[in-house]
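2 protein chains.
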Amino acid sequence: MNKSITIYSLLITAMTLLLSISAIGQEKEALEHNSILFDDATIAQVDEAMDWPLFRQSLEDAREFVDEQMALGIDVPIPKDLAGGYTHERHKLNYLSMQQAGKVFVLTGEEKYAQFVKDMLMTYAELYPSLDRHPSRKSYSPGKFFWQCLNDANWLVYTSQAYDCIYDWLSEGERTLLERELLRPQADFLSVETPQFFNRIHNHSTWANAGVGMLGLVMGDTLLVHRALYGLEEDGLDADMKDNDGGKIKSEERAGFLAQLDLLFSPDGFYAEGPYYQRYAIYPFVVFAASLQNARPELEIFKYREGILGKAVYALVNLSDADGEFFPINDAQKGMSYYSRELVSAIDIAYHFGGQNPELLSIAQKQNTVLLDASGMHVAADIANGKSKPFVHKSMELRDGADGKTGGVGILRMDGKASSLSAVLKYTAQGMGHGHFDKLSLSLYEEGREILQDYGVARFVNIEQKDGGGYLKENQTFAKQTVAHNALIVNKESHFKGNTDTGNKYHSDPYFFDASQEEIKIVSAKDQHAYPGVEQHRTIALISDGLFEKPLMVDILSVSTATQNHYDLPYYYFGQLLSTSWDYDIENNLTPMGDGHGYEHIWAEAKGKTEEGNAAMTWMDHDQFYTITSVSQKGDQMTLARTGANDPDFNLRRDPLLMISRDAATTTFVSILEPHGEYSRVSELSKGAFSEVKEVQIVHDSEAYIAIEWKHETGQVYRLAIAKQSNDQTTSHEIKVENQLWDWKGPYSYIKK
Amino acid sequence: MNKSITIYSLLITAMTLLLSISAIGQEKEALEHNSILFDDATIAQVDEAMDWPLFRQSLEDAREFVDEQMALGIDVPIPKDLAGGYTHERHKLNYLSMQQAGKVFVLTGEEKYAQFVKDMLMTYAELYPSLDRHPSRKSYSPGKFFWQCLNDANWLVYTSQAYDCIYDWLSEGERTLLERELLRPQADFLSVETPQFFNRIHNHSTWANAGVGMLGLVMGDTLLVHRALYGLEEDGLDADMKDNDGGKIKSEERAGFLAQLDLLFSPDGFYAEGPYYQRYAIYPFVVFAASLQNARPELEIFKYREGILGKAVYALVNLSDADGEFFPINDAQKGMSYYSRELVSAIDIAYHFGGQNPELLSIAQKQNTVLLDASGMHVAADIANGKSKPFVHKSMELRDGADGKTGGVGILRMDGKASSLSAVLKYTAQGMGHGHFDKLSLSLYEEGREILQDYGVARFVNIEQKDGGGYLKENQTFAKQTVAHNALIVNKESHFKGNTDTGNKYHSDPYFFDASQEEIKIVSAKDQHAYPGVEQHRTIALISDGLFEKPLMVDILSVSTATQNHYDLPYYYFGQLLSTSWDYDIENNLTPMGDGHGYEHIWAEAKGKTEEGNAAMTWMDHDQFYTITSVSQKGDQMTLARTGANDPDFNLRRDPLLMISRDAATTTFVSILEPHGEYSRVSELSKGAFSEVKEVQIVHDSEAYIAIEWKHETGQVYRLAIAKQSNDQTTSHEIKVENQLWDWKGPYSYIKK
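Here the protein sequences come in this chain order: A and B. Read in order, the letters of the first sequence are residues 1 to 753 in the UniProt record's numbering. Read in order, the letters of the second sequence are residues 1 to 753 in the UniProt record's numbering.
Among the hints, erroneous ones may be present.
Pairs involving identical chains hold if they fit within one copy or between any two copies, as the list cannot separate such chains.
[Stated by the list, open to error] Calculated cross-link-like contacts (lysine-lysine; reagent style PhoX-like; alpha-carbon spacing at most 25 Å): (1) 248 - 389; (2) 634 - 92; (3) 417 - 745; (4) 753 - 492; (5) 687 - 334; (6) 687 - 80; (7) 711 - 334; (8) 366 - 687; (9) 609 - 242; (10) 366 - 242; (11) 736 - 417; (12) 242 - 311.
Hints were generated in silico from the structure; no laboratory data involved. Just so it is clear, the structure is predicted and the values come from calculations on it, not from any experiment.
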């Protein structure tokens, strides 16, 4: 036998071995129970799924994580620590690794993974009967493994999935033991034994409902599922009971998952606290719904309330900028995006169960991971088959409130030749404890960059140096205050005098929204409660026109009141100031702008006054130019300012703002923001460094109408009129401008002359 | 004849036509003169070159530009405007489009491009005899087409290339006419008629030398080439003559291109003004050198002064961060990089004529364009053939001064497990008018991000709103001053009391440089002139160690003096302060830190005093953590500050700094900067948010030695000692630390215990 033949036969032998190993690994059986994660059709596709790169990669990542965890051995410590401490983090890693191990077992058939889950569960089952509630009593509902039931509910949501994966593989005796000693007791603990946690209309309770319900589905226990869907019939909860954040426990008569679906989302899928918290809350919603659809398809949960779950996912994705980062309204840390773990679940589940919109696939591709279940397989398969289409962010109005009648948020998107703008006008309800005093506040984006920013939250989540990663006191004293927003402040006081309870009673009102036109997208809203006796009416339009390289943003803010007031209107920009059309005096020593309502956190850097006409300011950020041109009255005060005063722990950013101030009763603020030109640091050439917007003026201002005009530098005239007292689509209006009749139908008119 | 046959034969006809058109387009002939851009071998490859994507794309881009310009028609206006005005920009576009059109002609054979160049030159030839110098007299040497000869010399450098391209195509009569009426007169104008422009040792004159020499090469005029290489023998220039920036005209006896090569670069290829200006200056050097090599290869210009031109290109590229952006030492606008037009020429020419280093190809790939000549073809071909290798930035010391004896700059690079650091220690000469008062100043980069920044220039080049794009007064009052740098300030005065003439007399001195070790890269330099009677000695080391994810930077700054002084040592960081180990009082009203030498531009935000031991500060930037731990004496003042005071036109950025201050005579400042950990805004998890450097201390400090020690949190001890009075590599040293002998050979010792 010569040498090359030897090597050749060795190779053959090795390959045969490899093939047989992988064949053993891939023996799958049909499901013997109603799985919450898989169906028979999916299981039959597992071998094929290894050809779909995203699925294969996701499985490899999971296996790597689980292998690492398995190598550490099983540790189920007696609960002791708070978040960040060992026992807390260990129990968290335990449920995460059980869930992943279970899925890897189903997908590969390798029993060591099932064994790991079983061993872990048995260890928990041994410990469980001896456990009282967690020794820390910081929570209104202390858990067993964790300091709060919220984490225990997380445990059950993940563990139910792990149990589902090995359910068929366990003997009946093993199942009986686990269910009797561990799983049912934990489900009862989170529900009947802790009604103040289970029976709320609150994202905490969604986790509890989901955990109890998912376990019920796996075990085929209809009573548990019923409890999850409808809540506890008798909870004996006191109407005045509050949680440890001061939130009311009992706000509604109903409870359970279906009630959460009815009450936590608006009819458009908007979540009262905003996208940052919606991102966190969405996971138990979609994962329990997917479980119901897999195990109890006859419920048609994805059709519930006209498909509210799908709407919630789309609302969330559309509440993000061009890069997928959520608009940071209310308490929101910037940078959170659809790349988060929760959105991977939401996108995959919405795709699989919600009509297979190919645009969702492009988001899944960016996420670069899929769920290891039927929905993730479906997504990975369809991406592999080339079905993905780019996701297009849409202009949309999202109503707020369970009935859709407590205001809303308007999102405008406009493409220009050189870039796209997104504007957000917020006229929602307060948004509860995490809400900001930001009625009719505005934010503006060019592509994925903030042009007029919402400051977001004053918090560095999980950064221990910053007060343990919790909310900082500057969140209350600055970030929540009206002056921290691109919103009107009357007499230097925040909306509702900064009182959340008052704020919770009111909401702003949509006036009109129209994204149906090519050249203009426009939203208009009113508020009459933030300042008693003062009606604010703000209209934001994005306008695309052939003479401009980029869209313009028009901002018309009318204030109606019987009393003389001081108004401040900040615009929070980014970057380097290049020029102002007004003269100002620079401050040689900086002092804070006030002593309350957030003013104490702003340094005034320069102050000037305008003449009647236009006041324009140009700045530069990321090598792009921006000019805001405002209609000015003689004596309007223009303050160039910066955040960061009275900030002993350096908790605030040092961000610039322009504040336009006026003493008046009824009045109107009009500004046009033009993004223009660009600069190259390599060629050192600037293009279009000057604004082409000229002569912005109010051409009509009455109780019934406001009309403005501006020009392109070529002389082209543009006009926009708003009917202030009727948003009816069919009502006819007419005004005279320069002795010419201007008539139109509906709440606004945009014309070029 | 059925339909499909008809279509088929139509297609055949169309393809035949296309092929014949492209064949016509590709008829090239051998060169009939010594071209400055091409050689016969290159011309023979032109058809093949269309298969090299980078070359094809570069040609298409050039053709598009030229077609646009040709569509506008020929306009050679009577010179009138300054930079930015119509006639200035038109003449500039004229020479750019002639150059590109000439090259497109050579490469495609399409005569319309040659015709365009000829028509343009003929129009110039008609106008030229009637032209006096430009009406503006702002320059010390007004041009003909432009307000300064510098732009006229640019014109000649580009036009010579255009002329080269159509030289063979023109009739002898046409050549005679153009040379008599336009080209020779312009060459004489820039040389014999303007000796103050031609005969300097200055980048202005390099352009003049190059233009005159390149024209001479095209025409085969050895006298012009000799004039370009050696300058004017008699220039009659006054020794005290100055240019309009106050620079001396006559600083050296020699002139001409070879003298520039000898005198403008250090033996290592460093250019006195720094990389930002070197980038601008390099173009006429490399393009004239390439012309000489093409037309007069026997001169072997690329071997001149031991290959100084190649060294200059490598020096420049190595004076950039991981993204190719130049270190912004001296007057330098940030963001300028090897993506600039000049570097495209430099890289292609250095590759073609300088030994074909495959690492240069990766830069050309990033530049995504090549020159349309022999060098660009060579680069494109070798990239297409897969020869490119990643460019690795090297640690290196670059000596300053024509003789290499006026200081230098040390660049350290260190790879860690999680990221790479680059540190720059500057101990050059002043760098003439664009030099900053920044002896022994430090800057630090992690990958392409600035960690300890050099502020750069206070100028927004070509941004008209900022004083026409010129140098701003804050460049003098702040950016040039010592306090704008990570450098020691003694008694609140800048180096040389901020006097450039004094600064030009002195330089700092290299002490040692060692990049040969795996675990430590180290540079050490001294200065004894910035402050008379004060010797500064600064050593910077980058240290890589298995216990740390990222390299550490060690900074040891010893000051020796007989007098009691006040010392300030700023560290300009970026991002959000997270914590300090010392207590401080926040300023409720901000006042500038001083009234001169740049201090008037800095707001003090918080002041505190240290105890003896360590003072540590942690911050966060781009979701990475950084901690600087300094050895502190009791009573060191720590000021948290920010730039931007006394800035009436908002010309300065608002950047943070930590300033360490101490009143002492001889003393030592020791700091260790550790980049560590990372944060995710999507998972909201922070990893490694705390420094692992503990107990930094000075374990020996004498006239002869400084030795420090620090620990990793595991207890691992590291020590670094510097011999302060001997940098000899072979000298033996010994000190006692904790009663143990520590001996070594050479200027430093780094040990782990």
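Checklist entry - From the Cα coordinates, with 25 Å as the cut-off, is the pair residue 687 and residue 334 best called within, between, both, or neither? => result Between copies, since 18 Å is at most 25 Å while 31 Å is not.
Item to check | Same-copy or cross-copy closeness of residue 753 to residue 492 [CA-CA at most 25 Å] | outcome: neither (40 Å within a copy, 62 Å between copies)
Next on the checklist: When Cα atoms must be at most 25 Å apart, do residue 634 and residue 92 count as within-copy, between-copy, both, or neither?
Outcome noted: neither (62 Å within a copy, 45 Å between copies)
Checklist entry - Given identical chains, is residue 736 near residue 417, meaning Cα to Cα at most 25 Å, within a copy, between copies, both, or neither? => result neither (34 Å within a copy, 71 Å between copies)
Checklist entry - How would you classify residue 366 and residue 242 at a CA-CA limit of 25 Å: within, between, both, or neither? => result Classified as neither: same-chain Cα gap 41 Å, cross-chain 60 Å, threshold 25 Å.
Item to check | Same-copy or cross-copy closeness of residue 609 to residue 242 [CA-CA at most 25 Å] | outcome: Neither: 50 Å inside a copy, 45 Å across copies.
Next on the checklist: At most 25 Å between alpha carbons: which applies to residue 711 and residue 334, within, between, both or neither?
Outcome noted: Answer is neither; intra-copy 36 Å and inter-copy 36 Å both fail.
Next on the checklist: Cα distance capped at 25 Å. Does residue 248 pair with residue 389 within a copy, between copies, both, or neither?
Outcome noted: Answer is neither; intra-copy 44 Å and inter-copy 64 Å both fail.
Next on the checklist: My question is about residue 366 and residue 687: at a cut-off of 25 Å on alpha-carbon distance, are they close within one copy, between copies, both, or neither?
Outcome noted: between (33 Å within a copy, 24 Å between copies)
Checklist entry - For residue 687 vs residue 80, is the C-alpha pair at or below 25 Å within one copy, between two copies, both, or neither? => result Only across copies: residue 687 and residue 80 sit 23 Å apart there, 62 Å inside one copy, limit 25 Å.
Item to check | Alpha-carbon proximity between residue 242 and residue 311, which holds within one copy, between copies, both or neither at 25 Å | outcome: Neither: 30 Å inside a copy, 73 Å across copies.
Item to check | 25 Å Cα threshold - placement of residue 745 relative to residue 417 | outcome: neither (30 Å within a copy, 66 Å between copies)
When each numbered hint is compared with the structure, violations occur for hints 1, 2, 3, 4, 7, 9, 10, 11, 12.
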